[in-house]
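Participant: Below, each chain spelled out in residue letters.
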Amino acid sequence: MTILQVEDLGITFGGLRAVDGVSFQVSLGEVFSIIGPNGAGKTTLFNLVTGIYRAGRGRIVLAGEDVTRVAPHLLVRRGMARTFQNLQIFFRMTALENVMVGNHLAERTSFLADLLSLPSVARQNVRTRARAMELLERVGLAHHADTTAGDLPYGVLKRLEIARALAADPKVLLLDEPAAGCNAVETEAIDRLIGQIARDGVAVVLIEHDMKLVMKISDRVLVLAHGRRLAEGPPRQVRSDPAVIAAYLGEHGAREADRAHG
Amino acid sequence: MLKRVLSSRLAVLVLLAAIIAVVPVLAPSSFYLRVAALVWIFALAALGLTILTGYAGQVSLGHAGFLGIGAYAVAVGPAKLGLDPLLSLLLGAVLCGLVAYAVGRPILRLKGYYLAIATLGFGLIVALVLTSESAVTGGPDGMQVPRMVLFGWRVSGVSTWYWITGGALLVGALLALNIQASPSGRALRALHDSEVAAAGVGVDVAKKKLAAFVLSAVFAGVAGSLLALMNGFITPDAAGFMHSIELVAMVIIGGLGSVVGAVVGAAFLVVLPQALTVLQEYEQAVLGLLIMVFMILLPAGIVPSLRRLLLERAA
Amino acid sequence: MPQTAARRALRAAAVIASTAVASVFAVTPGLAADPIRIGSVVSATGPASFLGDPEQKTLKLYVEALNKKGGLMGRPVELVLYDDGGDANKARTFATRLVEDDKVVAMVGGTTTGTTMAMIPVFEDAKIPFVSLAGAIEIVEPVRAFVFKTPHTDKTACQKIFEDMKSRGITKVGMISGTDGFGKSMRAQCMKVVGDYGITVAAEESYGPTDADMTPQLNKIKNTAGLQAVLNPGFGQGPAIVTRNYAQLGITLPLYQSHGVASKSFIELAGPAAEGVRLPAPALLIADKLAENDPQKKVVMEYKKSYESATGQPVSTFGGYGFDGIQILVQAIERAKSTEPRKIRDAIESTKGYVGATGLYTMSPKDHLGLGTESFRMLEIKGGDWVPTETK
Amino acid sequence: MSIVDARHKAGHDEAEGAAPGKVMAEFLQLVFSGLTVGAVYALVALGFTLVYNASDVINFAQGDFVMIGGMGTVFLMAAGLALPVAAFIAILAAVLVGLLLHRLAIEPARGASPVSLIMITIGASIFIKGVAQLVFDKQFHSLPAFSGTTPIAIGGATLLPQSFWVIGGMLVLVLGLWVFLERTLIGKAVLATAANRLAAKLVGINVTVVLALAFGLSAAIGAVGGILVTPITLTRYDVGTLFALKGFAAAMVGGMGNPIGAVVGGLLIGLLEAFGAGYLSSTYKDAVAFVAILVVLLLMPQGLFGRRAVERV
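Chains as they are written, first to last, in our numbering: chain Y, 1 to 262; chain R, 1 to 315; chain S, 1 to 392; chain P, 1 to 313.
Treat the hints loosely; a few may be bogus.
[Unchecked claim] Far from chain P, by Cβ distances over 12 Å, these chain R residues were calculated:
id	residue
1	Ile19
2	Tyr101
3	Val271
[Said to hold, decoys possible] Stretch-level coverage of chain S by chain P, calculated; a stretch enters the list once three of its residues show a Cβ under 8 Å from a Cβ in chain P:
id	region
4	203–216
5	219–232
6	236–249
Please keep in mind that the hints were generated in silico from the structure rather than gathered at the bench. Where a beta carbon is used, it is the ideal one built from N, C-alpha and C, also for glycine.
Work the whole structure out from these sequences, hints included.
Facilitator: Structural data, given as structure tokens:
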């Protein structure tokens, strides 16, 4: 079942078409990867889809509803969560608290109730904490629960961000280079984690440079170059696409490929 | 274990309550009670900034403006409108909240130093209005604040105000601690570190910032009301730029985001000038020097730095 | 490394904290056996330091000299002096400290009306006499049992100025006033009495206490038709800038300043632009020009000499207020032959014909100032010095 | 609205009714007034910008350099030195204070958060004022105008020759700073550090030296401003607070970190205050200026010339 549908999305920065008419759709339980050379517009595409940038053109449909103009914090409510390429961790909070914030949507207490610490707040805190602990265990970070996030190593924080995003109970999860800067063991863990998430019925949209990982876990791959779609399809098919090969071989190749597909 | 105790809500409240209870026993004269009462009042205002700046990371250089609004509410309400002082205090708090809401909505979109200058401008304008509208406020020479009468009891005397302000501080500390450990508090602390990520997990960043701003304004307003009622007299100076800086200095020196830190910071800046009077004309230079020395040696603020030290020792 | 830094910090903090606590709790050491303690809270720093600084210096000098002469009733006098920085809340705290902790028998101080009004309840409650050095009439009207003051009221200054204007046939004036306490209070008083002299204020402007340029305001006054003179109630640097901008804009109408600028530094700051400026001021400013038979001659010359030789700065009216405040108090204690605050109060109230730096004081239960208009002299600045416009 | 304001209006209408030439003259008078005061704000803002670019710190002691320049010259002249000599020594003194501030207070706290560093500069500002009132005194002081006090009439308005010194001095300093930053190696190092501190470090720029330079330069600029403007506005040990406040506002409205913005911001605030006082209300002219600043910031949240960088996430 299609959960996320992106149609002809585009944005221009100072005359440069960073994302130029990209369309794709993702189904529940699917791992959909977006690859491409540096500067291809992958992260910009994420920022467009998650409402951080306002799209110059095109449409985003989430679970059948047009969410093109919906503010980022409301997109979560509709089932979209993400991680960030440059970590956006709450460094002053503990790992557990980071994940607890991820559960913010499920928290039903008002600011006033929080201020007065009504019994409902204590109950809420217990629920949120239990859920956050569960997620930390799931990503293998339970032993770091009370450590201040700022004191944790990079690879660990990547998984912490995933746990935080999962806390929002998303239907679509966008992961921006989750394995970047991770060692082999950590990459392996992330690989398993993504597989699990998809099996739980979440649509995973993945930006990743680690081709081994991408080819292994993706159901479909979208290749971007210069903000445009270069190719799309199952990993095997994309890997043998001459335009993609050209793009990865260098600038010259990319231009050639562009012409071929333009 | 130690960490748990140090960060527990109850421990902080018991500690504060104990200090408030012990000071009168040690104080040789009611002058010391007055100084302590001033510490409680300014700590209450500083607690507002603990929420706004400490938790949510939003800087305000205009909070004395709210202090001034609260102070003049209990002066103007009874004197010019014939309102009950207690009612005036509550109305003052509401007014602070409303003003904060109206001002905060547009300016909280600004970030960092840009927000600082916008709030600074707000504080300046409040002080200017209080100074200029002499017909209502008595102008730069200030105005008398009628005594508060509660159910026929004329509230006066240093020790009475000591307990009232001490009680107010405890309530304020309780509220600030409540927020810290709640969903809203986590949201505020989250947006402090990354607004994008906070929005990314569903935090309505603008709304939460506004709530923190309004709450901190109410804290400052109530503190201003208490100050005016205790002194029985108020001047527009209370809303002045230097007092805004002083409030921010209290939370930074005490330790940003720490409830105990706000009280320690307030004590630092209220008690120190009293202690430094022995230095006469050297007072200002030494005060400035001490602020610098403390910030260089304890860059995270007194309370968090000492806490860390204590934990390291224990570990 | 962070360990040692933190440890060093802890040690430093402990040392500072303990000295701080110690100095608060320490009993102020007595100079000699059983001194008479007189308290003072002035704004020696902050925006009103212009007034508070000379007050503080005068009080210190006076008490020093007094003790050299053997003190008061054979006992040394101890001046417990605090600087409120112009902050009413701080002033209030220091007032409490004087009463509760220092146990003073009387108080001279309160540089501004704001700080004075904040401190009044403390002394009224404790029934300790308080001689204020601030201007506003509200301090002594209505009369409060324990509160007195020495400075002229703004009202008398306004009356003196308008009298002078009337004698020169001036009926339509412009006014530019400071928005500080002094300027606003004097403006209000002047507006109250201006009608009594058949004078109308046809243009009115104001400026903030820290403004650096008043040409916009003065330009509007300049463009108002039919004005015959301009009055500038204010103190601090404002009037000096007004006077300079006035000259810069080429306004030739007579300019009147207030007693708020009555110190030599005004002439220095305003420079040649000050020529021809008139203002009401006490005899102190023209001490050496007073007639030998002037009753104030001796007093003002003595004060002027001692102040100027000790501080190297010219005397100002404000120091004079302090001088009169402490002297009235000391004489009252002598007359009362007691340090009982109530008896001192009664003695102050019975001050009769005291000749001071500011003027002649005669107080009564109905008048806790006791200073008449005649204590003001109208001066004009000529050749960089004060010159009386009338011979007395 | 107080009576004062109502009267302003009346006075103003009368003036307008007089003659069109007078309207123009009044306008010019306000422009002169605004530019003179604004030029000093611009210099203070420039100081803020320099230090901010090198360190992300807002140096609240910036205004006190203005005071040191003015008061220092006053007292050195009183000691018998000629104006140029006195001014030169006062500038050196300000630079020394700036360097000491960096070496003894900012450098030891390296790694502390910007708020802590700002608190240190606030402490430094209190300290400098405390020392100044001991070294100098608590009275207002003035300097003789550099080229007389005979007003110059232009288009019916008048201005003092000193105003030319202030505005001209500001322009020379801005130009000099530009040449220094763009044309010298060390200046380029400052720019590089401002653009990217980490990258600057990696290519071997000594960031500590650059920061010290920024503090020294900003102190010199502030002191020069203080010396130029003292003949007009007077000085005292505590005038720094006001200049810091206005200079900070100028730097922000211009866009923190942009030298052009600092200059434009300073002049803008000077003009806003003058026009506010001249056309609206002298009581509320500061409010007028700040409301205008707020409007600018709400429309352009990074100030007039601030970097409008897209948020990188």
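Participant: Each hint: holds or not?
Facilitator: Now for the hints, and whether the structure bears them out:
1. Ile19: With a cut-off of 12 Å, Ile19 (chain R) remains clear of chain P, as the shortest Cβ separation is near 24 Å.
2. Tyr101: Tyr101 (chain R) is indeed farther than 12 Å from all Cβ atoms of chain P, at 16 Å.
3. Val271: Answer for Val271 (chain R): holds, closest chain P Cβ roughly 16 Å.
4. 203–216: holds (count 11)
5. 219–232: Answer holds; 6 residues pass the 8 Å Cβ test.
6. 236–249: holds (count 8)
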